[in-house]
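Chains as they are written, first to last, in numbering that gives the first Met the number 0: chain X, 0 to 110; chain H, 0 to 887.
Hints are not guaranteed to be accurate.
[Said to hold, decoys possible] With a straight-line cut-off of 25 angstroms between C-alpha atoms, the simulated BS3-like cross-links for lysine-lysine are:
1) H:36 x X:76
2) X:76 x H:61
3) X:45 x H:533
[As the list claims (entries may be wrong)] Short, incomplete list of chain H residues facing chain X, as computed with Cβ under 8 angstroms:
4) 22
5) 27
6) 30
7) 31
8) 34
9) 37
10) 54
11) 59
12) 60
13) 63
14) 64
15) 298
16) 300
17) 726
In short, the hints are calculated from the structure, not lab data. Every residue gets a Cβ at the ideal spot worked out from N, C-alpha and C, and that includes glycine.
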Amino acid sequence: MSSKQTNLLQGTLDLLILKALGTGELHGLGISRRIDQITRGTFIVKPGSLFPALHRMEEAGWLRSLWGDSENNRRAKFYHLTNAGRAQLDVETKEWQTIASAMAHALKATT
Amino acid sequence: MTSRIRNLFASLFRKQMVERELDRELQSYVAMVSDEKIAAGAAQPEARRQALAEFGGIEQVKQAVRDRRAGTRFEVIAHDVLYGVRQLRRNPGFTAAVILTLALAIGANTAIFSIVNALLLTRLPYQNPDRIGTIFWRIQGARPFEGANDIDGEQWELLRDNVSSVLGAVASSISSGVNLEAGRSVQYVHAGRVSAHYFDVLGIHPALGRSFTATEDRPHGPSVVILSDALWRTIFHADPHLIGQAIALKGEPYTVVGVLPAGARTPLNADLYTALEPSRQGEGSGANYAVILRLRDGVSWRQADAEINRVWTDRALRFAKEFRPGAKISFYTVPLQKGQTAELRPKALTLMLAAGFILLIACANLAGLTVVRMARRAAEIAMRLALGASRWRIQRQLWIENLLLACVGGAVGVGVGFVALRGLLSLLPPDYLPVSGVPLDERVLAFTLVASVLTSVLFGMLPALALGRIDLRSFLASRTVAGAERLRLRQALIAGEVALTVVLLASSGLLIRTLIHLQTLPPGFNPQGVMTAKASLDDARYRDPAAFDRLIRESTAAMERIPGVESAAVGLSLPYERALNDGMTLASGPMKGQQVMSGAAYVSPSYFATLQIPVLAGRAFTASDRRGAAQPVAIVNLSFVRKYFAGQNPIDRPLDTQDTLGTVIIGVVADVAVPPHTEQINDPLGSEPMTYIPAAQADPHFLAVIHVWFQPSWIVRTTRPVEGLTAQMQRALAGVDPGLPFSGFYSMTDHLAQTLATQRVEVALLGAMAGLALLLSAVGIFALVAHMVAQRTREIGIRIALGSTLRQAMVHVAAPGLRSSAAGLLCGLLLCLGALRALRSALYGVGIYDVPSLVGVVLLLVLITLLAAVIPTLRVAKTDPAATLREE
């Protein structure tokens, strides 16, 4: 796997997590399920990528976590966006839209 | 940022809590997934199994999270360091071998670098040392020369009066000892003779009083003296009222005008200083002044060079015309430090190179050891790789272990270096190095640190690279790592170190041969049973030739009365000692009218008999050869006759047209070994033309000048060892003059050792390095063969069981060590072809490609290789084939 692709995917994963948490707090599995749902099954996030990303983003100050009870009464760690996280979501959304529209335009032009 | 720092602390100090929390988080994830599965109809254990399988390894995920977390780096490194320490403690043999090797190599480097540092890198202890210089000259032409240049009175006056860009000062280039009356006794002290402004150039201001004035520095100026702080304290009890008072020096009153500050050093490093009073006459008629300069503000050295060359042009042209026809002479300034260390610099750098070789050899050994260790640890490493550790993590672990070893080895090395340095300095003759001390300062410590780290990088690199090639699956299957390749690598390392060892051995072999050659030169006299003593006659009382003559006659007669003394004599200089160099115009013989240089000495009548220098033709001096006799006489040596008389009989021929007395040659004596006093030869000892005159015939003017430079020697020959000889000699002298101390007593062996000090030091140092290299190489070969034996015990068992003899089995395991040593020997000999040329200037009486020393090197290396290879194979003899076959 080339590094460029990793960066793209990593960026994508961050954006998806931020987006998933945009509507409220979720635990790890919840985030995973929500991403599955909002991307209509295109991205399935495995724990091996999810947890490192969550911890990294928490460290970056975008997320904060609290222990709480899940819908099935399991103790779980719930993540929510901080103000910095919300700002980051805006920035990344804009960036992504720029890239996406540029890519779409470029692909159309070559045909 | 704050959250990052908080997390850092959280992970550093609440590590366990964070770990537990992570575990709980992941467990809850798995639980929730299996809840979902159960809800979908799966049985409980099956649901959990599936959830775990989908999760993909809890430990791996944890590790991935840990790797992401802040602070984890510190934690991991701390953990790695602890792990490394444990690993090293578990292998005490390996650890000790590495630390010992490092300590020896780093110690040798530290000691040598300390000297290089003190000589070449430490700033001179003067104000603005970069603005202090001296003058070198460059002779281009038939016999090119470049180097230090002592100047004569004419050059000094031109420099002093016409060069405005520098403040100059001169000192006598020959240091001398003088007699100082201190209370009731007379002491022999070291005196420097310096011009006005000498201390100004160095930036030293007397703590009491002042420096010499221009008036005091003129010929026949007032007798004044400046004391060093040490002398002022020890002899004059730090008397603050000493300035302006007279002290008795050289038999006459000298007024103290200044005392130098404590710790002030000059290039002369004398106990006291008198005014040089330079002029164009007497000693100033020859190049006898050493010059130092301070560049004035706002001027560059280049401008000073131009100015000096301009004012000295006429003088240089005359010199070239007279002594070096066709040569072009120019002058240039160099920093004083470079000027003072010009001769030692290449020697110090050669030693540094040799020390670098030692470090490389040590690296090769250590790399070999680490390769083996890596092989032993392959199982552990493969296990860690399998458990999810990254290659980088394992690499880092190995580097950390290497750095740990480097640090401990370096620290022990500094200790070894300190001890080695003290030993080395005690080996050097006093004042051999023109520096006050050789400190282990921060620069040396920094060097040691860099050397240790560099070593660890060098020896750690190979094994670390080898790690990249460990293939997990094939390793776990076969439990070996590319064996043949590793063996070849070790063999190459050993060949390399043997090659460097050969170069060092061959170099020291040549220096040893040189020293042997010099020490076994026919001395031309009988050095056995001779004791000598020196005294300073630079004394007002002995400017009168009658007093001088009486002193010599009566003191030698008194010494001859000592029981056991066969004869006694006095001479201006001795064999093995540099003689006065005197110019003369030959008055007879085939080279009549030519200006030549010859050694010159006055001697008492029994000089030749006492030293047992054979008289080859004519006669020796008698008591009647004295001033006022009808015929002034001289004796020359065989070299003089060969060189200036083409071997013809010189007896009864006049010697020198410049000599108004009309001295004739009355005898020819054999040559004695002396250091060169003319510039034609570079050998530290050899034969040079000499002329001898009777002490009783010496001219008062001549005596006054030469006694400033030379302290004559009293010589006694004993028939048997005499108890308390030196005390009896001192008493005999005191019987004639109670106020004349001997400055020291020396046997002829002492004189020889002093003359050959440089060679002895070179042999000792390079010999020690070569020995160290040989030891390290032997250890390398030993380790290789020992490892082969250990590794192949089973194979050997099979071989012996299949009918191989013990000898064949031993040869089989020793072969790789022997082969790599042989390859190293060949490479080393090839290297010698080029490398030994660098030694040319240090060799005397032996060629660069000296067969005996090369044969010696080869034999020594073969012997050591065999020993190192055979000793570990002895274990093969203990191998019980049945036992080894039963293993596994």
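Taking the hints in turn, this is what the structure says about them:
no.: 1; hint: H:36 x X:76; result: holds, 21 angstroms
no.: 2; hint: X:76 x H:61; result: holds, 15 angstroms
no.: 3; hint: X:45 x H:533; result: violated, 95 angstroms
no.: 4; hint: 22; result: violated, 11 angstroms
no.: 5; hint: 27; result: holds, 5 angstroms
no.: 6; hint: 30; result: holds, 6 angstroms
no.: 7; hint: 31; result: holds, 5 angstroms
no.: 8; hint: 34; result: holds, 5 angstroms
no.: 9; hint: 37; result: violated, 10 angstroms
no.: 10; hint: 54; result: holds, 5 angstroms
no.: 11; hint: 59; result: holds, 7 angstroms
no.: 12; hint: 60; result: holds, 5 angstroms
no.: 13; hint: 63; result: holds, 5 angstroms
no.: 14; hint: 64; result: holds, 5 angstroms
no.: 15; hint: 298; result: violated, 60 angstroms
no.: 16; hint: 300; result: violated, 56 angstroms
no.: 17; hint: 726; result: violated, 86 angstroms
Taken one by one, the earlier hints fail for this structure at numbers 3, 4, 9, 15, 16 and 17, listed in ascending order.
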